[in-house]
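First to last, the protein sequences are chains G and L. Numbering-wise, the first sequence is residues 1 to 111 according to this note's numbering. Numbering-wise, the second sequence is residues 112 to 225 according to this note's numbering.
In short, the hints are calculated from the structure, not lab data. All values derive from a computational prediction rather than experimental measurement. Backbone N, C-alpha and C define an ideal beta-carbon position, used for all residues, glycine too. Any given hint could turn out to be false.
Claimed, not checked - Once the Cα atoms are required to be at most 30 Å apart in a straight line, the calculated DSS-like pairs of lysine-lysine come out as:
{"#": "1", "chain 1": "L", "residue 1": "168", "chain 2": "G", "residue 2": "2"}
{"#": "2", "chain 1": "G", "residue 1": "67", "chain 2": "L", "residue 2": "168"}
{"#": "3", "chain 1": "L", "residue 1": "120", "chain 2": "L", "residue 2": "168"}
{"#": "4", "chain 1": "G", "residue 1": "56", "chain 2": "L", "residue 2": "120"}
{"#": "5", "chain 1": "L", "residue 1": "120", "chain 2": "G", "residue 2": "42"}
Stated by the list, open to error - Partner residues are not named here, just some residues of chain L that face chain G (Cβ under 7 Å, in silico):
{"#": "6", "residue": "121"}
{"#": "7", "residue": "126"}
{"#": "8", "residue": "149"}
{"#": "9", "residue": "153"}
{"#": "10", "residue": "201"}
{"#": "11", "residue": "210"}
{"#": "12", "residue": "211"}
{"#": "13", "residue": "218"}
{"#": "14", "residue": "219"}
{"#": "15", "residue": "222"}
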Amino acid sequence: QKEVEQNSGPLSVPEGAIASLNCTYSDRGSQSFFWYRQYSGKSPELIMFIYSNGDKEDGRFTAQLNKASQYVSLLIRDSQPSDSATYLCAVNRNTGNQFYFGTGTSLTVIP
Amino acid sequence: NAGVTQTPKFRILKIGQSMTLQCTQDMNHNYMYWYRQDPGMGLKLIYYSVGAGITDKGEVPNGYNVSRSTTEDFPLRLELAAPSQTSVYFCASSDRTAGAYEQYFGPGTRLTVT
């Protein structure tokens with residue numbers, strides 16, 4: 001079983017819609033959960049992280065965490081063509097030592 | 112701040128050759144990491160370091176070596192390059208801020224072994 005699983009997509013949404021990206025993880029000791037955006041040919045860029053159950057909002061982005069279900073999601077409201085990228089989910093035991101990444105979900109926002 | 116810098120940006124190696132990928136960070140972070148990313152795949156951790164003089168293996172360390180003599184630098188050494196090492200290599204650094212370890216990535220090195 002993979003440490004972190006994501007639907008590879010591609011996920012296509014029209015401009016202005018809500019994009020929903022999902023991630024599940026296997027290690028119940030995971031404490032911190034991260035969402036990265038990666039444009040083609042570029043390095044991952046941190047969007048936000050969450051470590052408490054519930055929702056965390058940052059601008060158009062909302063991360064949702066459910067530790068009981070071992071599930072974390074990212075919602076992008078009012079999606080823009082510039083949001084078209086691959087979104088990577090990562091988890092960590094909050095020790096700074098090891099991060100486990102999913103394979104990413106490719107998102108395309110159609111103008 | 113330049114953040115995390117990596118050199119070179121691109122490199123082509125012949126099978127059996129060796130090289131060092133350079134990584135430097137100017138954020139005074141204690142933690143540094145080397146990842147590889149194969150096409151359509153996530154990031155796989157090769158090695159990491161929790162501070163100068165301390166390194167440890169990640170998921171895929173075979174064929175690589177690292178050292179950490181200073182806080183700023185974390186070079187990755189490839190000995191006897193093989194085609195399976197063709198990949199994009201990312202260096203990252205982190206420290207604990209606002210309750211979690213936020214990683215910052217360098218621009219990457221695209222390596223081809225032929």
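| query | Can we keep the residue 201(L) interface hint, with Cβ of chain G closer than 7 Å? | reply | Since chain G brings a Cβ to about 6 Å from residue 201(L), closer than 7 Å, the hint holds.
| request: With a cut-off of 7 Å on the beta carbons, see whether residue 149(L) makes it to chain G. | output: violated, 10 Å
message = Interface hint check: residue 211(L), Cβ to nearest Cβ on chain G, cutoff 7 Å. Holds or violated?
response = holds, 4 Å
- Query: Holds or violated: residue 56(G) with residue 120(L), Cα cutoff 30 Å?
  - Reply: Violated: residue 56(G) and residue 120(L) sit about 36 Å apart, past 30 Å.
### Message
Holds or violated: the hint that residue 153(L) contacts chain G, with Cβ atoms closer than 7 Å.
### Response
holds, 4 Å
Legend entry - Satisfaction of the residue 219(L) interface hint, Cβ to chain G closer than 7 Å: holds, 5 Å
Regarding the hint that residue 126(L) lies at the interface with chain G, is the smallest CB-CB distance below 7 Å? Violated, about 25 Å.
Is the interface hint satisfied for residue 121(L)? The criterion is a beta-carbon contact with chain G at less than 7 Å. At 11 Å from the nearest chain G Cβ, residue 121(L) fails the 7 Å test, so the hint is violated.
inquiry  = Holds or violated: the hint that residue 222(L) contacts chain G, with Cβ atoms closer than 7 Å.
reply    = violated, 14 Å
Hint check: residue 168(L) vs residue 2(G), CA-CA at most 30 Å. Holds or violated?
holds, 19 Å
Worksheet entry | Distance restraint between residue 120(L) and residue 42(G), which requires alpha-carbon spacing of 30 Å or less | Between residue 120(L) and residue 42(G) the Cα gap is close to 11 Å, so the pair holds against 30 Å.
| Restraint outcome when residue 218(L) is required to lie within 7 Å of chain G by C-beta distance | holds, 5 Å
In this structure, the hints that do not hold are numbers 4, 6, 7, 8 and 15, in rising order.
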